[in-house]
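When you get a sec, could you build the whole thing from the sequences and use the hints?
There are 2 protein chains.
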Amino acid sequence: MSNETPQNTHPVLVVGSVAFDTIHTTFDKRERLLGGSASYASFASSYFAPTRLVGIVGTDFGDDHIDRFSGMGIDLDGLQRSDSGKTFFWEGRYEENFHSCHTLDIELNVFEGFHPHLPDSYRSTPFVVLGNIQPDLQMHVLDQMRNKAFVAADTRDLWIETARNDLTRLVSRIDLFLLNDDEAALMTDEANVIRAGRALLKMGPKMVVIKKGAHGSVLFYDDHLFMLPAYPVTDLRDPTGAGDSYLGAMIGFLAAEGGTDLPRLKKSLVYATAAASITVESFGCDHLERAGRAEIDARYRRLLEISQL
Amino acid sequence: MSNETPQNTHPVLVVGSVAFDTIHTTFDKRERLLGGSASYASFASSYFAPTRLVGIVGTDFGDDHIDRFSGMGIDLDGLQRSDSGKTFFWEGRYEENFHSCHTLDIELNVFEGFHPHLPDSYRSTPFVVLGNIQPDLQMHVLDQMRNKAFVAADTRDLWIETARNDLTRLVSRIDLFLLNDDEAALMTDEANVIRAGRALLKMGPKMVVIKKGAHGSVLFYDDHLFMLPAYPVTDLRDPTGAGDSYLGAMIGFLAAEGGTDLPRLKKSLVYATAAASITVESFGCDHLERAGRAEIDARYRRLLEISQL
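Top to bottom, those sequences are chains A and B.
Using this note's numbering, the first residue of the first sequence is number 1, and each one after it goes up by one.
Using this note's numbering, the first residue of the second sequence is number 1001, and each one after it goes up by one.
These are calculated hints, taken from the structure and not from any lab test.
A hint or two may mislead.
Every beta carbon over 10 Å from chain A, so not counted as near; a handful from chain B, in silico [what the hints assert, rightly or not]: (1) His1024; (2) Asp1063; (3) His1065; (4) Ser1070; (5) Phe1089; (6) Leu1104; (7) Asp1105; (8) His1117; (9) His1140; (10) Asp1157; (11) Ser1172; (12) Asp1175; (13) Asp1189; (14) His1224; (15) Asp1261; (16) Ser1307.
Example chain B residues on the side facing chain A (calculated, C-beta under 10 Å, incomplete) [claimed, not checked]: (17) Ile1194; (18) Val1233; (19) Leu1303; (20) Ile1306; (21) Gln1308.
Beta carbons are placed, not taken as given, at the ideal position from N, Cα and C, and that holds for glycine.
Right, dumping it as structure tokens:
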């Protein structure tokens, strides 16, 4: 294990997509990078807590990629290696200043038949990250859990538009719902972030986090609010996976702490922001994978320095 | 005096426009409200420090309006009451969600011949707010100062586009330059706020504050950064004067403290944000004028509660 995770922390179960991404920006293009919500989230979580992965890959997913997860100490008992086709593939182009992203190609491949199956050893995991996949698959994971866990889920605009009923049911069953400001507005019909967050809380989750990209993030928890600026990134290369890294680090930290009270939640946002900032400074998972816990901790301290009196 | 300003604080000199504003939003319309950069800035400053006003008004500026400044304890020895015409008038319309504002009518009136003249008693004022007016008028104020003062200046896109040389000269002579994120990008050709702030520091001011509206504000001071979220406003009515209120409260607080070290600067941003949030919750200066120091202090504490670990 490359990461020195404390031995007494709670484990984290990460469920989501594992993919190859081809990414175009106005500066550069990279082909078939390791990506997917579960990859980013599990890499980030693994810096804090023992991390278990549930996902599916195809015939083109070589041992070199498997080794990247193993190298981070991630438990792969829940990773299905399918012989029936290739790994989920996505190709997208970010417009200037990363204000929007257009999908150029999407090939679901083995992901089309994905039914997340939890190994028996995973079913009591106390902290669960439901990365961005279809809400019915996210719910299918919850149905397999044996014990009450702390469950955090991400989503995206596509599911709000095409699977709102499923998503609403999912949201009523989870502890933490995480989404970006555009998605929050789409889901609540409230352009004001504060109103949107409060409307989302009424849908059932104990906590809501709204991410605002370069403008930071906001936690809603009962009547509490916590607003944190983004880390001051000056060389944004590729925003892919920022939200997944954020969620993975946030829940990894809470699992390591074994508690979700307000002071720990506030700290978890700082760690989440630190991890996301590392991800966006390079294409794909590379920088996040290489960073090491010390770099995350350094950014945690720097973010406190620039946001606290 | 309605405000209980400490007796030992330094006074603040505010120079800028005094105007009547007719404001359209998607919800409402209000006619001939008291406005202008100097009105908002002096009202906000007066909650913290003795405040002196330099500006010009015309024949339509009645004693009822004069009384509003006097009622806030503002020294009006520097307010020119001209017989040659009417007061500066502006009419504008905010689009949905206040993302943009269009000028419908502008009548400079007596403001066209305005040459800010500082009464002798004002020329040693240790803290100076140069509200948003032409950069050459802002410089004309500095030329009349007898002693080295802490000088803060605001600007707007119009002066960046039409008077960039004057503005650049002004900026090299001041201590604090304050502008919004669009203006910072326009002036530096840097879309990234962190890069823009650092580029502005190189133009000469000791400090730069970039305002991001609902996304908060950022202070640049030597190598230091301080990022503060906006106050969580859920009922934005009229953003006019938010930046002027911000600057007035910021410098008012620093004058009251008599120092501009980093811990005080950080606190000044919190007070500035509190004052701006009060301004935008009603049309014109009304809410800011009625609020009282206790409401500003309550918002200061609330903003710390939601932004500090």
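Next item on the list: Mind listing which of the numbered hints don't hold for this structure, in increasing order?
Entry: Violated hints: 14 and 16; rest satisfied.
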